[in-house]
Amino acid sequence: MKEIKHGYFSKIEDERTWSGYPVKIFYTEEDLKTKDKSLPGEFPYTRGIYRDMYRGRLWTMRAVCGFGTPKETNERFRFLFKEGETGLDVIFDIPTMTGIDADHPDVRDEVGVQGTSLCSLPDMEEMMDGIPLDKVSSSLVITSYASPVILAFYIALAQKMGIDIKNLRGTIQNDPLHHRFCGYPEEFTPTELCLKTATDIIEFCTKNMPLFYPQNINAYDLRENGLNAAQEIAFSFGMAMAYIDACLKRGLKIDEFGPRIAFYCSAHIDIFEEVAKFRAMRRMWAKLMKEKYGAKDERTLKFKFGVHTAGCSLVPQEPLNNIIRVAYEALAAVLGGVQSLHCCAYDEPLALPTEESARIALRTQQILAYETGVGRCADPLGGSYYVEYLTDKLEEEANKILEEIMRQGGMVNAIKSGWVQKEIDNFAYQYQREVMERKRLIVGMNIFRSEAQGKPIPVHRISKKKRMEQIRKIKNLRKTRSKRDVLDALSALKSAAKDEKNLIPYIVDCAKVYCTMGEIMGVIREAYGMRYDPLGKLQSPLK
Amino acid sequence: MKRIKILLAKTSLDGHDRGIKVLSLAFRDAGFEVIYLGKMLKPEEVVQAAIDEDVDVISLSFLSGEHIEHTRKVARLIKKKIQKDVLFLVGGVIPPQDIKKLKKMGVHEVFPAGSLIEDIIKFIRENVKG
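First to last, the sequence lines map onto chains A and B. Numbering of the first sequence is given in our numbering, commencing with residue 1 and proceeding in unit increments. Numbering of the second sequence is given in our numbering, commencing with residue 544 and proceeding in unit increments.
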């Protein structure tokens, strides 16, 4: 049989970690460079940010969710809560991410297909219907560009429900440099404007919403675009430093906003390397905050992160195998001391998750939490020679990259020069070449590839009829709201934008009188000298 | 033999471009002449570029569930405006159930995520006419 190549004599041939670092056959104490004897909950928090970790509180179980209309998304939320989810995680469609309303003539085909469409306060009301905003923690996965508006809809809804916004818990992504790597062109999401509004959000939340994380630095999307583990650390830290510098420039103190900085990381398939990555990130962050920024509050020194298991590690061949991949990645996140976890659904290389696949993804973390016992003991891999070695190694490699970023004058410059994109593209191509050359093996894809793929699994279909309803709904809103109120609120916002004021209170006022996403962002764009409609078709209501 | 000329592009607002960029590089290294036109393009712009550049292959990438509507628009324009036989390929996050539908519109082959690049290159070499 030619199928049997090595058979009984098969062995591990790849002698590198996923990121490409050579691995010895075994490690001993002599391989450890850093004599870090800290305990969980102690500076520099390598072993976890809390002494009691998951005995104090389990990680938050979130499932990224969002498709079609706000109403359909609400139904999926209710289903997930019923099945035991403990935090909301909502993702928006591309028109919403780009600040464009669903009824724009050029975006009809994209409404609701990649996330939920959300254009106005009534949409937010529908999406959160029946969900007590003061009792849940919501993660709002939205571009920095559209973040001020989504946050304003959320605030306006809470106030309408009579909830004091100081009790709101959650996270908004609000990561302005993220646009530059993740497909959004500069003309749609201008960096300078986004850096300004991102800082507005941080300032507003620092003063009014102390339990809310006003920024979630998206290391995940960077990694998904094609980076290794050390680059994921260095690039995301580089972005965080750019935002910290902007806040300090505005007169905020590091310990005022530092405690509310959080990260959104990837958990890839190399379990030990990923655990080491999270440990290294904690140690590096604590040192950075203390040494570079002079932070004193221990909450500032603690590196807090959510994890999204690596979507790019999943393949459509024999899709059920993805359940196993996700389980290993989720295990790495938990062994690494994660605060909030999203597990990918196994059908994501094919379409958005079905109810069934979303439930399995949630069950994956519930089994980890309640059956395996891996959360019982804090930092269970602490003291493993291999993991400690890898922790040192990732810190060392990430620091080298960070030094290069600093040599280039910081992350904003490194992006502008094109260097960061080149690093991403180079790694993405190198990875793919290694897949082609079978230096990286993916079961069912480039090894043990089965010709008979069987019947396709049923996939989630987004209803076109419902998507069209969403478009009609916003058209209808435009007719029924008070035109006078809308124009007044938009004019006030435009003047505030010209005067460089913090825009959040003005956007909340706009939200309350039913201004739409497209109108609010359009007016801000105008104040900054850009055209009202990024697609160049619509006229400003203020003219 | 004439070098095979390929146009790669993304229509729609979707920005997931890791796959299409990696493919562009792999095609270049396979000896094809590659034009990566970019993303957020209108179907008309893609087809016009294909005419202007006289390409042998048009290859689109979709990752956000918008493949049916967008492919239909591009396929119509190809039929209407392009005289020569161009090979029309689509890739990305495409459920297997949709492959037949896309082929009916005029797509010659669909390469979903997880396809082997060598298979794509082989298909192009075997199917470009002239």
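It is worth saying that the hints were derived from the structure and are not from the lab. Errors might be hidden in some of the hints.
Mimicking DSS-like on lysine-lysine, the simulated pairs with C-alpha atoms at most 30 Å apart in a straight line are [claimed, not checked]:
| no. | chain 1 | residue 1 | chain 2 | residue 2 |
| --- | --- | --- | --- | --- |
| 1 | B | 644 | A | 422 |
| 2 | A | 82 | A | 24 |
| 3 | B | 627 | B | 548 |
| 4 | B | 646 | A | 439 |
| 5 | A | 296 | A | 422 |
| 6 | A | 537 | B | 582 |
| 7 | A | 465 | A | 166 |
| 8 | A | 464 | A | 196 |
| 9 | A | 422 | B | 622 |
| 10 | A | 439 | A | 483 |
| 11 | A | 416 | A | 24 |
| 12 | A | 464 | B | 622 |
| 13 | A | 475 | B | 622 |
| 14 | A | 455 | A | 290 |
| 15 | B | 548 | A | 537 |
| 16 | A | 465 | B | 585 |
| 17 | A | 71 | A | 543 |
| 18 | B | 582 | A | 466 |
| 19 | A | 466 | B | 624 |
| 20 | A | 455 | B | 646 |
| 21 | A | 416 | B | 623 |
| 22 | A | 464 | B | 548 |
| 23 | B | 623 | B | 585 |
| 24 | A | 537 | B | 665 |
| 25 | B | 548 | B | 644 |
| 26 | A | 455 | B | 616 |
In silico negatives: residues of chain B with every beta carbon more than 10 Å from chain A [as the list claims (entries may be wrong)]:
| no. | residue |
| --- | --- |
| 27 | 561 |
| 28 | 564 |
| 29 | 575 |
| 30 | 582 |
| 31 | 583 |
| 32 | 609 |
| 33 | 612 |
Computed, partial: chain B to chain A, Cβ under 10 Å [what the hints assert, rightly or not]:
| no. | residue |
| --- | --- |
| 34 | 553 |
| 35 | 558 |
| 36 | 569 |
| 37 | 572 |
| 38 | 574 |
| 39 | 580 |
| 40 | 585 |
Treat the numbers as computed from the prediction; the structure is a model and nothing was measured. Think of the CB as a built atom: it goes at the ideal place given N, C-alpha and C, for glycine as much as any other residue.
CA of residue 537 (chain A) to CA of residue 665 (chain B), is that 30 Å or under?
Given pair residue 537 (chain A), residue 665 (chain B) is violated - Cα atoms ~42 Å apart, limit 30 Å.
Would the pair residue 416 (chain A) and residue 24 (chain A) pass a check requiring their Cα atoms to be no farther apart than 30 Å?
Status violated; Cα separation ~39 Å.
Could you grab the alpha-carbon distance between residue 466 (chain A) and residue 624 (chain B) and see if it respects the 30 Å cut-off?
At roughly 34 Å apart (the allowed maximum being 30 Å), residue 624 (chain B) and residue 466 (chain A) break the hint.
With a cut-off of 10 Å, does the beta carbon of residue 580 (chain B) approach a beta carbon of chain A closely enough for the hint to hold?
Violated, about 14 Å.
Taking 30 Å as the top limit, are the C-alpha atoms of residue 623 (chain B) and residue 585 (chain B) close enough?
Holds, because 16 Å separates the two Cα atoms, which is no more than 30 Å.
With 10 Å as the threshold, tell me whether residue 575 (chain B) passes as away from chain A on beta-carbon distances.
Since the minimum Cβ distance to chain A is about 15 Å, residue 575 (chain B) lies beyond 10 Å and the statement holds.
With a cut-off of 10 Å on the beta carbons, see whether residue 569 (chain B) makes it to chain A.
Since the shortest Cβ distance to chain A is 7 Å, the answer is holds.
Hey, residue 455 (chain A) versus residue 616 (chain B), does the alpha-carbon distance stay inside 30 Å?
Given that 30 Å is the threshold and the Cα spacing comes to 29 Å, the pair holds.
Interface hint outcome for residue 558 (chain B) [beta carbon to chain A under 10 Å]:
holds, 1 Å
Against chain A, does residue 609 (chain B) hold up as non-interface, every C-beta pair farther apart than 10 Å?
violated, 5 Å
Sort out whether residue 585 (chain B) lies within 30 Å of residue 465 (chain A), counting only the CA atoms.
holds, 24 Å
Between residue 464 (chain A) and residue 196 (chain A), does the CA-CA distance stay at or below 30 Å?
violated, 37 Å
Checked against the numbered hints above, the structure breaks hints 1, 2, 4, 5, 7, 8, 9, 10, 11, 13, 14, 15, 17, 19, 21, 22, 24, 27, 28, 30, 31, 32, 33, 38 and 39 and satisfies the rest.
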